[in-house]
Amino acid sequence: MLMELKEQLLSGSAEEYLSKLFLKIERSSLNGFTSLARESALQQAREFDKNPGKGRLAGVPIAIKECISTKGIETNCSSNILRGYIPPYDAHVIQQLKAEGAIIMGKTNMDEFAMGSSTETSCFGPTRNPWDHDRVPGGSSGGSAAVVAGGEAPCALGSDTGGSVRCPASFCGIVGLKPTYGLVSRFGLIAYANSLEQIGPLTRTVEDTALLMEVIAGHDERDTTSAEGKKSYLPIKEGVGGLKIGIPREYFGEGVSKEVERAVWDAINTLEGLGATWKEVSLPHTKNALAAYYVIAMSEASSNLARFDGLRYGLRPGEDKDWHTTFSDIRAKGFGPETKRRILLGTYALSAGYYGRYYLKALKVRTLIKEDFLRAFKDVDLLAGPTMPIPAFRIGERINDPLSLYLADVFTVPINLAGVPAISVPCGFAGHLPVGLQLIGRHFDEATILQAAHTFEKATPFHERMPEVV
Amino acid sequence: MEDVIIGLEIHVQLNRLRSKMFCGCSTDYHNSEPNSHTCPVCLGLPGSLPVLNKKAVEFGIKVGLALNCTIEEETLFYRKNYYYPDLPKGFQISQYDFPLATRGHIMILGDDGVERDIRINRAHMEEDPGRLVHAGTIDKAKYTMVDYNRCGMPLLEVVTEPDLHSPKEARAFLDKLKSILEYLEVFDGSLEGSMRVDANISLRGGDRTEIKNISGFKGVEKALSYEITRQKNMQRRNIKVVQETRHFDEIRNITVSIRSKVGAHDYRYFPECDLVGLRIASWVPAIKAALPELPDAKRKRFVEQYNLSDDHAKSLTSEIKVANFYEAVAARAPPKLAAVWIADVLKGELNYRDRTVDCFSQEHMAEIVNMLAENKITEDGAVQIIRDLLDGRGSSPDEIVRSKGLGKIEDDAVQKAVREAVAESADAVADYKAGSERALNFIVGVVMKKTRGKASPGEVHRLVKAEVEKI
Chain A
-12 MLMELKEQLL SGSAEEYLSK LFLKIERSSL NGFTSLARES ALQQAREFDK
38 NPGKGRLAGV PIAIKECIST KGIETNCSSN ILRGYIPPYD AHVIQQLKAE
88 GAIIMGKTNM DEFAMGSSTE TSCFGPTRNP WDHDRVPGGS SGGSAAVVAG
138 GEAPCALGSD TGGSVRCPAS FCGIVGLKPT YGLVSRFGLI AYANSLEQIG
188 PLTRTVEDTA LLMEVIAGHD ERDTTSAEGK KSYLPIKEGV GGLKIGIPRE
238 YFGEGVSKEV ERAVWDAINT LEGLGATWKE VSLPHTKNAL AAYYVIAMSE
288 ASSNLARFDG LRYGLRPGED KDWHTTFSDI RAKGFGPETK RRILLGTYAL
338 SAGYYGRYYL KALKVRTLIK EDFLRAFKDV DLLAGPTMPI PAFRIGERIN
388 DPLSLYLADV FTVPINLAGV PAISVPCGFA GHLPVGLQLI GRHFDEATIL
438 QAAHTFEKAT PFHERMPEVV
Chain B
11 MEDVIIGLEI HVQLNRLRSK MFCGCSTDYH NSEPNSHTCP VCLGLPGSLP
61 VLNKKAVEFG IKVGLALNCT IEEETLFYRK NYYYPDLPKG FQISQYDFPL
111 ATRGHIMILG DDGVERDIRI NRAHMEEDPG RLVHAGTIDK AKYTMVDYNR
161 CGMPLLEVVT EPDLHSPKEA RAFLDKLKSI LEYLEVFDGS LEGSMRVDAN
211 ISLRGGDRTE IKNISGFKGV EKALSYEITR QKNMQRRNIK VVQETRHFDE
261 IRNITVSIRS KVGAHDYRYF PECDLVGLRI ASWVPAIKAA LPELPDAKRK
311 RFVEQYNLSD DHAKSLTSEI KVANFYEAVA ARAPPKLAAV WIADVLKGEL
361 NYRDRTVDCF SQEHMAEIVN MLAENKITED GAVQIIRDLL DGRGSSPDEI
411 VRSKGLGKIE DDAVQKAVRE AVAESADAVA DYKAGSERAL NFIVGVVMKK
461 TRGKASPGEV HRLVKAEVEK I
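Residue numbers (our numbering), protein chains in the order written: chain A, -12 to 457; chain B, 11 to 481.
The reader is advised that the hints may include incorrect statements.
Unchecked claim - Think about it this way: if two alpha-carbon atoms lie no more than 30 Å apart in a straight line, the pair counts; the simulated DSBU-like pairs of lysine-lysine are: (1) A:Lys58 to A:Lys41; (2) A:Lys320 to B:Lys150; (3) B:Lys475 to B:Lys298; (4) A:Lys308 to B:Lys90; (5) B:Lys464 to B:Lys386; (6) A:Lys308 to B:Lys152; (7) B:Lys186 to A:Lys308.
Hints are computed from structural coordinates only; laboratory data are not their basis. Note that the coordinates shown come from a computational prediction; the quantities given were computed from them, not determined experimentally.
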């Protein structure tokens, strides 16, 4: 799709294309974008029209999640506490995108600090699912997924801490990749849970995801956890002949909607029809993943979010009192309820006397989960299952029941705990709502899941269907 | 004072490094505008990530080895979580389990005059927070400003076992530690805030208090002395000493309670996942091989090589600059005499003026010692030359000798003056013969007048006595 767009931009006008997008966004009721970089984007488009340059994404507009730092453009994690914060520097991925000529068109809505699976905890209000405006787009990268699915941006970046790219990709019927931990530099990504998260693309096709990965992946010395070496993903190998797919027993059954299960099995059958073989495997610690994930993520979050005190940037309402009072006031006003809940739980889990019982135990579970995957990958080349156990739910349906929201992450969080890559591709519909197939690969073996996803996409029509413009 | 138990935690800025602990900002901020040595990383801006300065770890290992510590196979960084305006991330990157170095010791001279080892519990690395500048005094300031220039400076925290028994021993330990750090060229103690001390102190049988953030070695001595008196008086009045954190008020010279144990911090230490574990075992052999000669070894060598007294050797080796200065002088002048003049005279004159040995030329010192050895100047003259050079009255020893006529006059002339003086002082000679030893002083005075002070009084006294005895 991006390849065709590049052709179209070269023969036509990037300015015109971008202006149309901005017009569409203005009239949109999705609430996917939180801010637009109209001036700088149009300026860049005009320059492209004069001299297209050689960048691999020259002239291509891209939407960026609110938690990825963009120099000169407000970056607020959809939180009141960061309103008005304009980063003085670009995240590594933004530098890479700019170097290839991409046009940053604006920032997209998200759950506050990426804490959620529905984009409802944002200080800007919920983003709507393009397929059904009464439903959530998933989260936390719900804005990025919705604007791509709704045709308001050709591609976007999100971040995935426990499923935040794959969940909205699944709910919105597009492609989303969570890369291997360490593959994409986190420099400039505002941390929620730094040992778990990666920046990943949200696109209409698998090929587009591969193209964005070629641009954003690679070593960055400013991120100590970033891996050495540069990988190439294009052209994607086509065909799944000889690939062995593992079907984790624990990813089906209780809690998984019948329609999701059927769509995923249809997809597995399709892959088998295309030449792959499958066998059932077991990831026995899947049942412990959610508990471990939430303890680790909240613990890290309680520390990562400690820096927001209004002293140097962000919210600074009213008159200053003594430091402790001012600081407490700012945090009381600036954070939303879900963020406060996670900070409190994380603080508790790290406290003296509880650290061993919660945090250390969660780390042990994390190791067991990683071993589950390594064991499974001895027999199979990739794993397949549902991305989400259910299709997109209604706005407001679960927001007051955090536990039921957390449960929806059951198949996405183990992937972050293990650090392996996973992609969500559209694999059918539950009624009018898209369903996503999750393909999970070995560490740094994005190539295989891209190959399987691409082959599947070529053989199926799901990615071609667009939501009706409401 | 065996009933006093003191343990120290010393925060040492590794300020000889060029860049900060986790970013590329320069460490040379002392004369800069506030907040001019900062970047997204040391300001903790959202999305920034720390990158470890490997040289800082190397420096840390150096110190660990010099303190006779075990260097861990693999070292880990942790987050120490607490809120304070000088801490821009809301946590400090520090170490907890698996610190860089553990279980070491260094030797000090105890109050009983016997040298003994003080055990080191651990030495770990961390980043310095920023600095608060109050508009006025801390309790009356209307507002406070924060300067983040210091933020991210590489710190090494050295923790001792409770092996010290008096403020003086604490001071001796700090002097020794400073000496070692300067030998290793990892530390410049002349910069403000480069070494800050927390002291734990208790009387046998009582609870301990911690005095936080004392700057200056004199401050440590004073704070501990006050705290001993305070705790003793509480015991005498049958009041229990409670475990608490206290602040040393440098102006009033007392310690005041700032936090009881009830309000103690829970720092919620947990691993810093933005930094990966560092396997350092393989670094050790090369660093060990490159370690310089340390104070104790140098002192021993000075005694053997230059035939110095242990006291002189100790005095000359306590500061690396002085030791290097001494060796340069000893290469050009008689070493034993040079030791006396540097250790006993030059160091005193420098201390008096609050200056360091850098400001004195090695050539000049060698020249002075040589003139003394060749009897060309008197001891008083030598002191005069040193003072004049330090105070900018004269450009070289030779020049001062000539312009001030400090040259010791020839022995013949002295002899002549002695003979004349004895001949002219019949009364004094008679008094001496009658048993008045003091009568000689009169004759010495006459000789000094004749030689216009250029003769050495001791020498003249000896010559006069010999001359009178002849009569």
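Hint by hint, here is what the structure shows:
For the proposed pair A:Lys58 and A:Lys41, the alpha carbon gap of about 23 Å is at most 30 Å, so the pair holds. Our distance criterion of 30 Å between C-alpha atoms is met by A:Lys320 and B:Lys150, whose separation comes to about 29 Å. This hinted pair does not check out: B:Lys475 and B:Lys298 have alpha carbons roughly 61 Å apart, beyond 30 Å. For a cut-off of 30 Å, the pair hint linking A:Lys308 to B:Lys90 stands: about 26 Å separates their Cα positions.
Taking the CA atoms of B:Lys464 and B:Lys386, the gap is about 10 Å. The hint holds against a cut of 30 Å. The suggested pairing of A:Lys308 with B:Lys152 holds, with an alpha-carbon distance near 10 Å, which does not exceed 30 Å. Proximity of B:Lys186 to A:Lys308 is assessed by CA-CA distance (about 45 Å); at most 30 Å being required, the pair is judged violated.
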